[in-house]
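As they're listed, the protein sequences go chains Z and X. Heads up, the first sequence is in the numbering used here, so the first residue is 572 and it goes up one at a time. Heads up, the second sequence is in the numbering used here, so the first residue is 1365 and it goes up one at a time.
Since no wrong hints were added, every one of them can be taken at face value.
Keeping only pairs whose Cα atoms sit at most 25 angstroms apart, straight-line, the calculated SDA-like set for lysine to any residue is:
#1 594/Z <-> 1485/X
#2 821/Z <-> 1794/X
#3 573/Z <-> 1496/X
#4 1595/X <-> 1568/X
#5 851/Z <-> 1794/X
#6 704/Z <-> 1496/X
#7 851/Z <-> 2092/X
#8 2094/X <-> 1655/X
#9 1627/X <-> 1566/X
#10 1892/X <-> 1938/X
#11 573/Z <-> 1497/X
#12 862/Z <-> 2098/X
#13 1916/X <-> 1930/X
#14 1787/X <-> 1769/X
#15 1778/X <-> 1751/X
Now the stretches of chain X that chain Z is said to cover, found in silico as 3 or more residues with beta-carbon under 8 angstroms:
#16 1487-1500
#17 1957-1970
#18 2018-2025
The following residues of chain Z were derived to be distant from chain X, with all beta-carbon distances above 12 angstroms:
#19 746
#20 750
#21 774
#22 794
#23 821
Simulated from the structure, these hints should not be mistaken for lab results. All residues carry an ideal CB built from backbone N, CA and C; glycine is no exception.
Chain by chain, the residues run as shown.
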Amino acid sequence: MKSFTYERVETPAAATAAFAKTKGARFIAGGTNLLDLMKLEIETPAHLIDVSRLALDTIEPTTDGGLRIGAMVRNTDLAADARVRRDYGLLSRALVAGASGQLRNKATTAGNLLQRTRCPYFYDTNMPCNKRKPGSGCAAIGGFSRLHAIVGASDACIATHPSDMAVAMRALDAWVETVDGAGKTRSVPVADFYRAPGKTPHLDTVLAPGELITAVTLPKPVGGTHIYQKVRDRASYAFALISVAAVVQKDGSGRVALGGVGYKPWRIEAAEAELPRGAKAVTAKLLAGAKPSHENAYKLPLVERTLAGVLAQARG
Amino acid sequence: MKFDTPATTNPIDQLKVIGKPTNRIDGPLKTTGLAPYAYERHDVAANQAYGYVVGSAIAKGRISSMNLDAAKAAPGVLAIVTAGTAGKLGKGNFNTAKLLGGPAIDHYHQAIALVVAETFEQARAAAALVRVEYARSKGAFELAAALDAAIKPPAVFGTEPDSSVGDFAGAFAAAPVQLDARYTTPDHSHAMMEPHASIAAWDGDKLTLWTSNQMIAWSVGDMAKTLGIPKENIRFDSPYIGGGFGGKLFNRADVLLAALGAKAARRPVKVALQRPLMINNTTHRPATIQRIRIGATADGKITAIGHESWSGDLPGGGPETAVAQTRLLYAGANRMTAMRLAVLDLPEGNAMRAPGEAPGLMALEVAVDEMAEKLGIDPIQFRVINDTQVDPEKPSRPFSQRQLNECLKTGADKFGWARRNAKPGMTRDGQWLVGTGVAAAFRNNMNAPSAARVRLDTAGVVTVETDMTDIGTGSYTIIAQTAAEMMGLPLDKIVVKLGDSAFPVSAGSGGQWGANSSTAGVYAACVKLREAVAQKLGMNPLDAVFAGGKVKAGRRSAALGDAAKDGELVAEDKMDYGDLAEKYQQSTFGAHFVEVGVHAATGEIRIRRMLAVCAAGRILNPKAARSQVIGAMTMGAGSALMEELAVDKRFGFFVNHDLAGYEVPVHADIPHQEVIFLDETDPTTSPMKAKGVGELGICGVAAAVANAVYNATGIRTRNYPITLDKLLDKLPAIA
Ligand SMILES: Cc1cc2nc3c(=O)[nH]c(=O)nc-3n(C[C@H](O)[C@H](O)[C@H](O)COP(=O)(O)OP(=O)(O)OC[C@H]3O[C@@H](n4cnc5c(N)ncnc54)[C@H](O)[C@@H]3O)c2cc1C
Ligand code: SF4
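Kindly generate the complete structure, drawing on both the sequences and the hints.
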């Protein structure tokens, strides 16, 4: 780990101002991802701005009947919130399917969205990795890629985004609210939040340097049956091989987003029109153009089967 | 004392303390964090500096240049050790690859430098500044591709690579029912909680190492050889060990580099192997490819059984002895086994819990299940039909005890085997396909010479000293129980001191020989102490009865402590063994029963019930033994369902080299586990009449899981781990 300086800020404005002042600064929230990466010198910030005590830790109703989740709301608290459990069960279930109790107590809403990939080559600084070191190559292509992306990848990177929470948020049409150094705020749909790897896999999201996430908003509840099915080799404390987040309405319509298949939570609204025709038809559209590696072609049938199981469960 | 005739009645048979389910005497220290592990021995030497290990970034080749300038100039750095600065180093007998590499590199993450600094953070930061250029050379990293070049290896610990009885080929060809199948097991990591860690301090030419090590005497000898100094100048101290599983049988880079770092920095140095380095830096259980052929008559009698196994290791390494159990487990007049060894440039393969049997039974016990199915015979019945009470390769040698059939039958009753539907894919519970499986467990018993010293003080307290280790197994407790039984004392009058090379040399912990061997050594020392006590009290040792803290002979009675009133009484002895292990085949047996659910849609496999029935000699402490067995069953479940070191065949290393990537079971994976020990005493093994259970518990578990998956789904998987991707295309379609 490189030595770094540290400060704690009290307001979002102070956070972005501090960022502008110091070269190589980074925000730190729960630290459950960033610190691990710093210990391995995968991330080497010169200065940490601790945003974990910002007063962004409440969940408030919005005027249009949705919820505004502060960026610093802990994963545990978000999952346990009565409104979330009642109206956005998908989100609650996705959260508790992730990490462990201790980690969820620390992990924040913003930090969870911004956690980095779990590609093992990304974690080994002896290995080429375009995401970690632009231009160095991608060791996962042609290597151990059982866990990697089957859609949306590029010749430069086949990593997946590991968040469970983000998959539920994508299915729920959540928006990410931010503020930048100039005090300008904007709101980005989760759908547009993650960047395709293309030739620049080191850029995970559309956030500009120093742009601070302040909240995630959920539109008003959509009802239906909420199922988050996470598939993994061990029963707990493992990232998803794939996951299916589904909201299914009584009439058979609904929404489906996938985790573990690409650089972002994978949802294609057009595919949802196929829901009445069943999992095979939906999967065919969702994963059209999929390019699995020599080790992860199993994810294609796995998605289809898991979705079929989820739809059967939703039908009761 | 020499143990060369079967044991008769002795004080252990009183079973006042031995055989009782006794809490671990070190339990409160462990659960309150007061048992200091190697890295936490802050008090043993003042002024400890921190070492951080730099591992090789390539698997094979040479270091062409190493630039230490930036690292040396970094804040807090005290010294940097490399092969270039360390002076001439030998290599221990038990290591295949050098613990400090360079300029030649033998495997990925082989240690090439230790950076010593005032703080851990400084050492870590400076280590990242070490600049190394390498010249990579081509290596062999894939077992399947190296098979043709595999050779017949020399014998390992007395196990010959080949064996042959009768006419295997002829009998197999003639057999009306045949199985010929190929199985694979992957590389496994010990993945113990406590990393390898050591603190070293020099006092002149005397070196003390506070470390985490299973085999003290072996490791002292190897360290002396490596450093080129006399054994007498080295002291190892390893009282608490946070898991080893064979990964700490031998010295690893931490202990050597701590010693070299302390010398270079001229002050005590502590080193823990960083978790992401451990998997490639230390040893692992090597992958195997196994071919099993079984021929039988239509009524289920095995007429031919053949087992071949291929594994790989670094040049000079050894094979995984995966065929060992097949030489002994089932009857059959015509037999062959063979082990072949390929050179691989992956990290060093070596012992991991039940080396040989664990991966061997992963294959054999699935083959037996497959054969039973071909024959249309219940798999338990098929095993019973082929039971043997003698070594099938040398029928003149009986098993000292062999209750495999009883294990199977007891387990079948308890588990409800009779209710099982033998036809696969027939049982459903909601979204889950449910199935049950069985496998035999088998692990040889080994005895090793073991010595102990016992001291009696005036308060009637007996202190036991032996360099035996407690790797979480309960050695402290069973040794205390042994001394208490022998001396007629309650447990709280016994003090046990372990893991110090200044104490008499014990069997150490490995190969499940520790419990029986180390307590037998304590038995021998206590026999001597009893004699000394009787003599001191003017009693005839043969008449003296030791009970309730008193010694009685005829009408005379004295407090035990009285014997020490003129000064502490000290006795020391070692248990040596005659040829009983040659006359009798001493083995431990068991049966594992498993119920699994396979998710009909996703193919995820979750274990629902586990039962083990073990026959393993006298169980010295049923509570500690149960803990050993359930821990081993958990490890077996891991090897069945998730544990696999992923080999990168281009770069030549294990990719998933941390505990996020190398998955071992978590609580949610393990259901209720039940363990039954059959009543057994084995007078041929030692006066304790005990054997081991710590490794028996893992043997066969994975096969029982695999057989249960087959029963649930009708899908036979011969390649471990059984992950859902291996089932998906064969599972029934989802509506
Ligand atoms: C062992 C382990 C298992 C795990 N398993 C799972 C799992 O199964 N599923 C899953 O989804 N996750 C899992 N996780 C990941 C976990 O969810 C994330 O580590 C956590 O959500 C990150 O949140 P944090 O607040 O700690 O982020 P930090 O580590 O503090 O920050 C992460 C990133 O976000 C940036 N950041 C933080 N706050 C802001 C802000 N307000 N604005 C802009 N940038 C910000 C930081 O600069 C940093 O780059 C696991 C983690 C571990 C360690
Ligand atoms: S997949 Fe992406 S993260 Fe993984 S090695 Fe390739 S570039 Fe790096």
